[in-house]
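Asks: Chain A is already provided as a structure; the job is to place chain B on it using the hints.
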Amino acid sequence: MEEFSLYVLDIVMNSVRAGAENIDVSLDDRGGLLTFKVTDDGCGMTEEQLERLSDPFFTTRKTRGVGLGVPFLKMLAEQTGGDVKVSSVAASESPESHGTTLVATFHSNHIDFIPMGDIKGTFVTLIQGNPDVNFTFVHETDGGEVRLSCAELKSVLGDGIPLSSPEVLAWIRGYLAEAYEEIK
Amino acid sequence: MLKMKLSDIINSLSLTVVVGDVERDLEGVYAGDFLSRAMSRVEAGDLWITIMNNVNVIAVASLTDAAAVLLAEDVSLMSDALEAAREKDVTVLSSGLSVYELCVALGKFGTAS
Chain A
1 MEEFSLYVLD IVMNSVRAGA ENIDVSLDDR GGLLTFKVTD DGCGMTEEQL ERLSDPFFTT
61 RKTRGVGLGV PFLKMLAEQT GGDVKVSSVA ASESPESHGT TLVATFHSNH IDFIPMGDIK
121 GTFVTLIQGN PDVNFTFVHE TDGGEVRLSC AELKSVLGDG IPLSSPEVLA WIRGYLAEAY
181 EEIK
Chain B
1 MLKMKLSDII NSLSLTVVVG DVERDLEGVY AGDFLSRAMS RVEAGDLWIT IMNNVNVIAV
61 ASLTDAAAVL LAEDVSLMSD ALEAAREKDV TVLSSGLSVY ELCVALGKFG TAS
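Sequences listed follow chains A and B, in order.
Taking the numbering used here, the leading residue of the first sequence gets 1, the next gets one more, and so forth.
Taking the numbering used here, the leading residue of the second sequence gets 1, the next gets one more, and so forth.
Same shape as in the complex, but just chain A (with noise of 0.2 Å):
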């Protein structure tokens, strides 16, 4: 993973198979400081899970016993001289409120930090791949923020339009693009 958004594509995708409804991104990338940030609904993680987070060796997929997810992105973070935290609750202990925030921190003028890559692209993908989840997305640089959240365009749509037709997800993309070409 040679770019930043592969790696923030990975780590919401741990939300999403969470069973989450609602999962926030956020990225502040002011001041050659980056925080990305997770907040989800899903069903959490045990204390004993939470601990395991950081060691490769552990993960939930029954395909293969390797998890490289969370180990990857903590390695470029303390590569970049951050870190990483992740706090949950677990939807077995606590069913009534439960999910998990990530909070990842990064250096990004550092040497060792990669290419941000294709940001917008990863909002797009993700809304396309999972329409039904109500993603809210922000990302503030020095030259502004670009902001995306899927509730406030289902409330527009209404019913019956997914997110993931051509037309919505054209849309979204003109929508970034134009967004992003203003905080240059």
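Bear in mind the hints are in silico, worked out from the structure with no lab data behind them.
Note that this is a predicted model, so its numbers are computed, not measured.
Quick reminder that beta carbons are idealized off the backbone N, C-alpha and C, glycines included.
A couple of the hints might just be wrong.
[Stated by the list, open to error] Think about it this way: if two alpha-carbon atoms lie no more than 25 Å apart in a straight line, the pair counts; the simulated SDA-like pairs of lysine to any residue are: (1) 120/A x 37/B; (2) 88/B x 37/A; (3) 85/A x 53/B; (4) 85/A x 128/A; (5) 88/B x 52/A; (6) 3/B x 103/B; (7) 88/B x 55/A; (8) 88/B x 49/A; (9) 88/B x 69/A; (10) 88/B x 91/A; (11) 88/B x 30/A; (12) 85/A x 54/B; (13) 88/B x 51/A; (14) 3/B x 64/B; (15) 88/B x 53/A; (16) 88/B x 59/A; (17) 88/B x 75/A; (18) 85/A x 78/B; (19) 88/B x 58/A; (20) 85/A x 79/B; (21) 88/B x 48/A; (22) 37/A x 36/B; (23) 120/A x 36/B; (24) 184/A x 30/A; (25) 85/A x 80/B; (26) 85/A x 103/B; (27) 88/B x 68/A; (28) 85/A x 36/B; (29) 88/B x 67/A; (30) 120/A x 28/A; (31) 85/A x 64/B.
[Said to hold, decoys possible] Derived list of chain A stretches under chain B, where covered just means 3 residues or more per stretch with a C-beta under 8 Å from a C-beta of chain B: (32) 46-57; (33) 70-81.
[Claimed, not checked] Pairwise CB distance ranges, derived in the manner of DEER restraints: (34) 32/B x 160/A: 45 to 51 Å; (35) 88/B x 181/A: 44 to 50 Å; (36) 32/B x 101/A: 29 to 35 Å; (37) 65/B x 19/A: 28 to 34 Å; (38) 51/B x 160/A: 53 to 59 Å; (39) 88/B x 175/A: 30 to 36 Å; (40) 180/A x 5/B: 50 to 56 Å.
Replies: Frame of chain A; chain B shown alone:
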């Protein structure tokens, strides 16, 4: 295609065995430090030369079924990585030579396919 045992190159290049079994046949060699790339490029039976020393290296070696990890430039494994290597039966070797010097020295055994 390389046709030799790990123990052959250990003797020939005076490598240190950090942990693991050395009787395995060697199929090829991969050199590189970018773990996500190594994950897709290291093939089963390969000797993987790197300077990375954390537990993720052991995970990638285990996932790809590498014959061994060879740590260059006298890099030593972090303690949790050493423990994981023992647990997962991943062979780890080390050498004071650089990645380049190791590749040059391995060249006389033939070219990996």
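Asks: Look at each hint and say if it fits the structure.
Replies: These are the hints, each one checked on the structure:
Using a Cα cut-off of 25 Å, the hinted pair residue 120/A and residue 37/B holds, with the two alpha carbons roughly 23 Å apart. Of the supplied pair hints, the one linking residue 88/B and residue 37/A is violated, its CA atoms being roughly 33 Å apart against a limit of 25 Å. Of the supplied pair hints, the one linking residue 85/A and residue 53/B holds, its CA atoms being roughly 22 Å apart against a limit of 25 Å. A C-alpha spacing of about 28 Å is found between residue 85/A and residue 128/A, which places the hinted pair above 25 Å, so the restraint is violated.
Of the pairs offered as hints, the one joining residue 88/B and residue 52/A holds, with about 16 Å between alpha carbons and a cut-off of 25 Å not exceeded. As the CA atoms of residue 3/B and residue 103/B are separated by approximately 16 Å, the hinted pair is consistent with the 25 Å bound. With a C-alpha separation of about 13 Å, the suggested pairing of residue 88/B with residue 55/A holds against the 25 Å cut-off. Our distance criterion of 25 Å between C-alpha atoms is met by residue 88/B and residue 49/A, whose separation comes to about 20 Å.
For the hint linking residue 88/B to residue 69/A, the alpha-carbon distance of about 19 Å falls within 25 Å, and the restraint holds. Distance hint between residue 88/B and residue 91/A is unfulfilled; the C-alpha atoms sit about 32 Å from each other, more than 25 Å. The hinted pair formed by residue 88/B and residue 30/A fails the criterion: a straight-line CA distance of about 42 Å is larger than 25 Å. Restraint check for residue 85/A and residue 54/B: the C-alpha separation of about 19 Å stays at or below 25 Å, so the hint holds.
Restraint check: the Cα-Cα separation between residue 88/B and residue 51/A comes to about 20 Å, which is no more than 25 Å; the hinted pair holds. Between the alpha carbons of residue 3/B and residue 64/B the distance comes to roughly 19 Å, so the proposed pair stays at or under 25 Å and holds. Restraint check for residue 88/B and residue 53/A: the C-alpha separation of about 18 Å stays at or below 25 Å, so the hint holds. The hinted pair formed by residue 88/B and residue 59/A meets the criterion: a straight-line CA distance of about 15 Å does not exceed 25 Å.
With a C-alpha separation of about 21 Å, the suggested pair residue 88/B and residue 75/A falls inside the 25 Å cut-off, and the hint holds. Annotation: proposed proximity of residue 85/A to residue 78/B holds, straight-line Cα distance about 21 Å (limit 25 Å). Distance restraint check for residue 88/B and residue 58/A: the Cα-Cα separation of roughly 13 Å lies within the 25 Å cut-off, and the hinted pair is therefore satisfied. Between residue 85/A and residue 79/B the CA atoms are separated by roughly 22 Å; this keeps the pair inside 25 Å, and the hint holds.
About 21 Å separates the Cα atoms of residue 88/B and residue 48/A, which keeps this hinted pair within 25 Å; it holds. Restraint check for residue 37/A and residue 36/B: the C-alpha separation of about 22 Å stays at or below 25 Å, so the hint holds. Of the supplied pair hints, the one linking residue 120/A and residue 36/B holds, its CA atoms being roughly 22 Å apart against a limit of 25 Å. A distance of roughly 13 Å separates the Cα atoms of residue 184/A and residue 30/A; the hinted pair therefore holds under the 25 Å criterion.
Distance check on the hinted pair: residue 85/A and residue 80/B sit about 19 Å apart at the alpha-carbon level, within 25 Å; holds. Restraint check: the Cα-Cα separation between residue 85/A and residue 103/B comes to about 39 Å, which exceeds 25 Å; the hinted pair is violated. A distance of roughly 16 Å separates the Cα atoms of residue 88/B and residue 68/A; the hinted pair therefore holds under the 25 Å criterion. Distance hint between residue 85/A and residue 36/B is fulfilled; the C-alpha atoms sit about 21 Å from each other, no more than 25 Å.
Restraint check for residue 88/B and residue 67/A: satisfied, since their Cα atoms lie roughly 14 Å apart, inside the 25 Å limit. Proposed proximity of residue 120/A and residue 28/A is supported: the alpha carbons are some 14 Å apart, at most 25 Å. For the hint pairing residue 85/A with residue 64/B, the CA-to-CA distance comes to about 28 Å; that exceeds 25 Å, so the pair is violated. Here the segment 46-57 of chain A counts 3 residues with a CB under 8 Å from a CB of chain B, which clears the bar of 3, and the coverage holds.
Restraint check on the segment 70-81 of chain A versus chain B: 3 residues with Cβ-Cβ distances below 8 Å, three needed, restraint holds. Here the CB-CB span from residue 32/B to residue 160/A is close to 50 Å, well matched to the stated 45 to 51 Å. With their beta carbons about 48 Å apart, residue 88/B and residue 181/A fall inside the hinted range of 44 to 50 Å. Take residue 32/B and residue 101/A: their Cβ atoms lie about 34 Å apart, and the range 29 to 35 Å holds.
Take residue 65/B and residue 19/A: their Cβ atoms lie about 32 Å apart, and the range 28 to 34 Å holds. A hinted range of 53 to 59 Å for the beta carbons of residue 51/B and residue 160/A is consistent with their spacing of about 56 Å. The supplied range of 30 to 36 Å is broken by residue 88/B and residue 175/A, whose beta-carbon atoms lie about 47 Å from each other. With their beta carbons about 55 Å apart, residue 180/A and residue 5/B fall inside the hinted range of 50 to 56 Å.
In summary, the structure is inconsistent with hints 2, 4, 10, 11, 26, 31 and 39 from the numbered list given earlier, while agreeing with the others.
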